[in-house]
Amino acid sequence: MTPLESLPPNAVEPLADRKVAALRRLARASGQRFLHADCADARDKAGVMSALARGFGLPAHFGANLDALYDCLTDLEPEPGASAPGLVLVVEHLPRAPGFGDEARDALLEVFRDAADGFAERGVAFRAFWSLSGARRAPP
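In my numbering, the protein residues as written are 894 to 1033.
None of these hints come from the bench; they were simulated from the model. Bear in mind that the values here come from a model prediction, so they are computed numbers and not experimental data. Please note that the accuracy of each hint is not assured.
[To be verified] Pairwise CB distance ranges (calculated):
| hint | residue 1 | residue 2 | range |
| --- | --- | --- | --- |
| 1 | A957 | R1006 | 18 to 26 Å |
| 2 | A975 | A904 | 13 to 21 Å |
| 3 | A1013 | D931 | 20 to 28 Å |
| 4 | A990 | G924 | 31 to 39 Å |
| 5 | E970 | A915 | 19 to 27 Å |
| 6 | G924 | G994 | 36 to 44 Å |
| 7 | L959 | D931 | 13 to 21 Å |
| 8 | G1016 | G950 | 19 to 27 Å |
| 9 | E898 | E1003 | 32 to 40 Å |
| 10 | A1000 | A922 | 17 to 25 Å |
| 11 | G1016 | R921 | 17 to 25 Å |
[Claimed, not checked] With a straight-line Cα cutoff of 16 Å, these simulated EDC-like cross-link-like pairs (lysine to aspartate or glutamate) come out:
| hint | residue 1 | residue 2 |
| --- | --- | --- |
| 12 | K938 | D995 |
| 13 | K938 | E1003 |
| 14 | K938 | E996 |
For every residue, glycine included, the Cβ atom is placed at its ideal position computed from N, Cα and C.
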C-alpha cells in the first residue's frame, strides 16, 4: 500500500502538515492526476474562481461559479491507464477576507465533497486538500 492509498479514497481535508510536493510525488507514483491551485492573490469569490481555473486548467467556457466548477471538476478524467484511477487536488491559501468568508469557503468545499461523491460512484478516487491564507503548514 502506498502512502496515498492510506488516505480515504474520496475525501476533502485540510492540507494541515502535508507537503504539496510530497502529495504531487505520491499522486504521480500512483498514476493519479495532480492538480494544484494557489489562491494567495485572491481576495474574493471571483479571485478564487480565477485561481482555480488557472491552476486546474479549466476550459475557457468555465462560468466562474460553483455550479460550473462542479461540472468542470466532474468532467475531469484520471490519467489514462492508471491501475488505481484518481485525482489529487490541492487548493492553497483560500482567503480569509470579507469577499470570501466562511460561508463562501464552506460552499466551495461542499462542491469538492459533491465531486468526491460523484467520483466514488464511478470507482475513481478524488482527494482534495485545502489551506487558508496565513495558515501555518509545513514548507513545500
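Against the structure, the hints come out as follows:
1. Checked against the hint of 18 to 26 Å, the C-beta distance between A957 and R1006 comes to roughly 20 Å, which is consistent with it.
2. A beta carbon spacing of about 18 Å between A975 and A904 agrees with the range 13 to 21 Å that was offered as a hint.
3. Distance hint check for A1013 and D931: the Cβ-Cβ separation is about 27 Å, which falls inside the suggested range of 20 to 28 Å.
4. Remark: the range hint 31 to 39 Å for A990 to G924 is upheld by a beta-carbon distance near 37 Å.
5. As the Cβ distance of E970 to A915 is approximately 24 Å, the hint placing it in 19 to 27 Å holds.
6. Range check, G924 to G994: about 38 Å between beta-carbon atoms, so the 36 to 44 Å window is met.
7. About 20 Å separates the C-beta atoms of L959 and D931, a value consistent with the hinted range of 13 to 21 Å.
8. Look at G1016 against G950: about 24 Å separates their beta carbons, and that is inside 19 to 27 Å.
9. A hinted range of 32 to 40 Å for the beta carbons of E898 and E1003 is inconsistent with their spacing of about 25 Å.
10. Checked against the given bound of 17 to 25 Å, the beta carbons of A1000 and A922, roughly 33 Å apart, lie outside it.
11. For the pair G1016 and R921, the beta carbons lie near 20 Å from each other, so the given range of 17 to 25 Å is met.
12. Proximity of K938 to D995 is assessed by CA-CA distance (about 11 Å); at most 16 Å being required, the pair is judged to hold.
13. Among the hinted pairs, K938 with E1003 is consistent with the structure: their alpha-carbon atoms are about 15 Å apart, no more than 16 Å.
14. About 11 Å separates the Cα atoms of K938 and E996, which keeps this hinted pair within 16 Å; it holds.
Consistency note: the structure conflicts with the earlier hints numbered 9, 10.
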